[in-house]
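Listed in order, the protein sequences are those of chains A and B. In this text, residue positions in the first sequence follow the numbering used here: the first is 1, and each later residue adds one. In this text, residue positions in the second sequence follow the numbering used here: the first is 1, and each later residue adds one.
Quick caveat, the hints were computed from the structure, so don't treat them as lab data. Model, not experiment: these values are computed from the prediction. Some hints could be false.
Rough simulated footprint, nothing fancy, chain A against chain B, three-plus residues with beta-carbon under 8 angstroms [stated by the list, open to error]:
(1) 20 to 31
(2) 83 to 95
(3) 104 to 118
Each residue gets a CB set at the ideal place from its N, CA and C atoms; glycine is no exception.
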Amino acid sequence: MENKRTELKVSALENGSVIDHIPATSLFQAIRILKLDELDNQVYFGTNLRSDKFGSKGIIKIRDKYFKKEEINKIALVAPTATIIEIKDYEVVKKGKVDTPKVVENFVKCFNPKCITNHQHVPTKFTVINDGGALKLRCRYCEKTTTQATMEFK
Amino acid sequence: MKNRSLISINDYSKEEQLKILDLAEGFEKNPRQNILNNKVIATLFFEPSTRTRLSFESAISQLGGKIIGFTDAASSSVSKGETLMDTIKTVANYSDLIVMRHPLDGSSRWASEVADVPIINAGDGANQHPTQCLLDMYSIRKTQGSLDNIHIAFVGDLKYGRTVHSLVIALSQFNTTFHLVSPDELKLPSAVKKYIKDAGLNYHQYTDMNEVMDKVDILYMTRIQKERFADPIEYEKVKNSYILKNEMMENTKENMRVLHPLPRVNEIEEAVDQNPKAYYFQQALNGVYVREALLASTLGLI
Ligand SMILES: [Zn+2]
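Here chain B stands alone, though its shape is the one from the complex (with noise of 0.2 angstroms):
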């Protein structure tokens, strides 16, 4: 994976996902290495996002590494006019792997064709952020001792959310059952459900999220946003059907692990995070150890 950008979680194959998943591991043990001494990792965020740049910096910063970069578009050249390839080729001048987010699809495969350095896409629009289905992989490896024969539920807006529809497809190869939880305008698209009948796997739909609760190993709560509804009456109607409460959680397996890619608005009751079942917050931290992982193999050092 040395010199390799990752834009699509497809770019890797599946024993190449698993390999950083291995190696994340060991950065989970020992979290603070020099081995980024001499490195500079640029950061380029065309659009704030706060959380996956904190992630990164504090990946790049435990292993030694300099940053150098911008948090928004409006406070760089961008807001005058430069190309993204222009931007690209200068900053790639100054170092050795650009970390980038951009509100366009498609702009970090772009920039990894314009650009000789290593691009790790922190998110291209609405289209891809591999490093989250990643650290998505490795949360559920961890807390279930394996990525194989795993029963998981996707609850909530399974339309929209790229985050959902990039695990499901990285989980089609290890004989995944699906349990697709959503309001009936927010079903999983038919070309996402493909990857699954392609693998030879099974997918149940649901409406009502009780009805999955004891059967799932993963449960994978994601937001639904008022704006995804052409009729708001619609929203009013379903936004209170898919929160999650402790009490739903009583008869929940004893390896049930609860996730989410925060931020969360309210489909997670703040009580649920006392509850030894609620993992979300140690799958973010999970991110810093899957993004040292990747920074590492990318620039060769391990």
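This is chain A alone, in the form it adopts within the complex (with noise of 0.2 angstroms):
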């Protein structure tokens, strides 16, 4: 009974934002990514949910909350398979993926321990290279390469 509600009351958004196919192993970096542990609003997610498509999947429900393109394309870079819905008063309104960025600004550190933008107050800035579905991203300062292995989110 007790189960039974908790899935209710995750379930049943009112009004907010779900974002669905998330790799199960990159959750909690889109959830970093969103910053959504210094939101006030009430956020619940589920990990390691089974999935058709894609093994094992993640997912996250945010009241009262809607993205930005551009905020919830930031995702991209760990989450390509997300998809976004936007809920009002219990209804669809809204439905679509995340677009990997072309350019990704001051939210990825630079991985290099000697790049100028881990040492001063420099936001970083990187071009996003697709290299055969892997999503680098090249600093536009120091000119190396992070990877997703390497990725920090600020």
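Hints given; two lone chains; assemble the complex.
Shown next, in the form of structure tokens:
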């Protein structure tokens, strides 16, 4: 009974956003990128959920919150498969996919410890490179490439 | 190229790179001209590099420009914690162009974004040193008559040497054949090899430099540093394998020349200096002409 009530509470979002089809391994990175830990809104998430398409997926629901396109696109770096649904009055009003940004500004750290951006107040700027499906970030300053494995978020 | 910063060699197109080499030829014929009269050039060396600084300051002086600046960060306001942005903005008020060297990667690009005068990068950490690249290109063209269809060998540390990386990338524009000689630990990174492949060119890898001696037009020597090896025993094994000696040069091509970015430690025996194929001191001198050309074109004076 208790379980059922929780399930209902999570599913039934009166107003807000649902981010679905996040690879389970990227869920916490996505939460960090969107700074959901800093919100006052109610946030629900689930991980290691079964998905026919993606194997193991994560899902996030945020009450009373809608994202700007450029904001939600940030998670494309770790969750290119993610979809976003907007809900108003329990109805789905908008459905979309995240798009990979061409440039990434000031929310990823450069992995190079000798990069100027890690020593002074210099906003980071990267060009996104698609290397056979794997996204890499080329730093505008030190010209080194940050890969998914070395990606840290500010 | 007027008023444009030069941070990375790729900031200039192939045509612009060649234009600088053409202008440098003019300065080689006539190195002393009073065209920088009334210009103030700042040379900001946040880390010492006497060789590069003197080359720039000689170029500025021979063109009649005034120099302001510092030779290492310890003696400047930087040691009091001033940010790079503040230093650059201040100095930009006092000068027409800034030459800078800094220990951190990307520092020069950042400086070029905050300064309203052009910046010439004289080395930003392990990242870029475009004037070295241009003087290497100048030296190759001058000794071979052209940059096209050259066989070049790079010998030594091909993994960490930014000089080698920039030059490989630049020469990939000119139908070059690359002969890469290094210990296994210090091979050219695949990201740099990709430029060669993308240009449809070929490279060959070796561990024994004797295999390339009679094949190449340019022998580009570099220093192998002990601290690059995880295992000191590996260093001991290879340290004497990449030393150039006169007797190794007996069957080399007539037009072959030896280049080295200097300073050298022991990778070229001093006896080689007398060999007519040794070109590294002339190469360093060419740096002055190339820097004269860059200063004059960036300030829009030629
Ligand atoms: Zn960087």
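Hint check:
1. 20 to 31: violated (count 0)
2. 83 to 95: Result for this restraint: holds, n = 3.
3. 104 to 118: holds (count 6)
Violated hint for the displayed structure: number 1, the only one.
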